[in-house]
Amino acid sequence: MGIDPNVVNNDGVNALHYLSGRNKDLKLFDFFIDKNVDINQANKEGITPFMNAARSNDNTVIDYLLDKVKDINTTDENGYSALTHAVRYNRASVVDLLLKNKANALIVDKEGQSMVYHLIQSYNSSRHDDFIKKWKLLTDAGIELSAPISTETTIWHEAVKKDNLKLLNLISTVSKEKINDLDKDGMTALHLAAMQTKNPELLKFLIDQGASTQITTAFDETVYDLALENELLMNENANLDFLKP
Numbered sequence: 001m002g003i004d005p006n007v008v009n010n011d012g013v014n015a016l017h018y019l020s021g022r023n024k025d026l027k028l029f030d031f032f033i034d035k036n037v038d039i040n041q042a043n044k045e046g047i048t049p050f051m052n053a054a055r056s057n058d059n060t061v062i063d064y065l066l067d068k069v070k071d072i073n074t075t076d077e078n079g080y081s082a083l084t085h086a087v088r089y090n091r092a093s094v095v096d097l098l099l100k101n102k103a104n105a106l107i108v109d110k111e112g113q114s115m116v117y118h119l120i121q122s123y124n125s126s127r128h129d130d131f132i133k134k135w136k137l138l139t140d141a142g143i144e145l146s147a148p149i150s151t152e153t154t155i156w157h158e159a160v161k162k163d164n165l166k167l168l169n170l171i172s173t174v175s176k177e178k179i180n181d182l183d184k185d186g187m188t189a190l191h192l193a194a195m196q197t198k199n200p201e202l203l204k205f206l207i208d209q210g211a212s213t214q215i216t217t218a219f220d221e222t223v224y225d226l227a228l229e230n231e232l233l234m235n236e237n238a239n240l241d242f243l244k245p
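For the sequence shown, the UniProt record's numbering assigns the number 1 to the initial residue and increments by one for each residue that follows.
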């Protein structure tokens, strides 16, 4: 007795959801698509097989699937499109392919977070060059990198979380004037860095870019106060007097 290949489970997942993330065999895709398995099927989270491919597969597979997709800008329950998944998790070459096929770089997710927010989340120091390529692709697609990336945070706050000077240096080229903006918790990027970095040079860099040591948190804590509570930073035995207001 044969098994019906066109089965959708209780989570809205079909065979192509499983295949699209990693499978490179186009004949296998052909088999299921010929059996009318829906490439546009959204699971309970709104994720389609094409979104899975954009997140973790390669250009060959994505290019093959493109003309079978009804709307490249469909979003899941988080407001993520295929491009959002690609920007956040995949390579610049995939981002480029999607943009060339009318993916909308200006989509904002359900939390009000822009594509640049997701770009910053994608940062990995071992893939810095690929990040630069994605950065340029989004710029060429019309994104203003100095524009707000979220209603709750800024490009500086999100970059500081990556604890990487190369990334912060890049951010300084587009958004230096917003370095003292506050996030939803009333903290500056320098406050956040003082709380979590182990690199005093990163703090010095932020100050050189205009970050203020005078601004206090909602609990009246200074940058210096926060740094003294950071065990990772204190273990470096660095002189932190430069953080005093």
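Rather than coming from a laboratory, the hints here were simulated on the basis of the structure. Since the structure is predicted, the reported quantities are computational estimates derived from the model, not experimental observations. One thing to keep in mind: the hints can contain errors.
[Stated by the list, open to error] With a Cα cut of at most 20 Å, we get these calculated EDC-like pairs of lysine to aspartate or glutamate:
1) K102 - E152
2) K110 - D163
3) K68 - E111
4) K110 - E229
5) K162 - D208
6) K161 - E236
7) K35 - E45
8) K133 - D183
9) K184 - D208
10) K110 - E152
11) K204 - E152
12) K162 - D140
13) K176 - D225
[Stated by the list, open to error] Label pairs and their calculated CB-CB ranges:
14) K204 - S125: 15 to 25 Å
15) L26 - M234: 49 to 59 Å
16) G142 - L228: 42 to 52 Å
17) N239 - K133: 35 to 45 Å
18) Y18 - S146: 38 to 48 Å
Quick reminder that beta carbons are idealized off the backbone N, C-alpha and C, glycines included.
query: Is K110 close enough to D163, meaning Cα to Cα at most 20 Å?
result: 27 Å, violated
message: Hint check: K162 vs D208, CA-CA at most 20 Å. Holds or violated?
response: Holds, because 19 Å separates the two Cα atoms, which is no more than 20 Å.
message: Hinted pair, alpha-carbon criterion (20 Å max): K68, E111. Please report holds or violated.
response: 29 Å, violated
- prompt: Does the alpha-carbon distance linking K162 and D140 stay inside the 20 Å limit?
  reply: 24 Å, violated
- request: Return holds or violated for the Cβ distance of L26 and M234 against the range 49 to 59 Å.
  value: About 55 Å separates the Cβ atoms of L26 and M234, which means 49 to 59 Å holds.
query: Quick one, are K35 and E45 close enough, alpha carbons at most 20 Å?
result: Measuring from Cα to Cα gives roughly 24 Å; hence the hint is violated.
task: Note whether the CB distance of K204 and S125 lies within 15 to 25 Å or breaks it.
output: Given about 19 Å between the Cβ atoms, the range holds.
task: For Y18 and S146, compare the CB-CB distance with the range 38 to 48 Å and indicate the outcome.
output: 41 Å, holds
query: Within 20 Å, alpha carbon to alpha carbon, are K161 and E236?
result: 19 Å, holds
- prompt: Keeping to a limit of 20 Å between CA atoms, is the pair of K184 and D208 held or broken?
  reply: 24 Å, violated
- prompt: Is the gap between the beta carbons of G142 and L228 within 42 to 52 Å?
  reply: 44 Å, holds
- prompt: Would the pair K102 and E152 pass a check requiring their Cα atoms to be no farther apart than 20 Å?
  reply: Given pair K102, E152 is violated - Cα atoms ~29 Å apart, limit 20 Å.
The structure fails hints 1, 2, 3, 4, 7, 8, 9, 11, 12, 13 (numbered hints given earlier, in ascending order).
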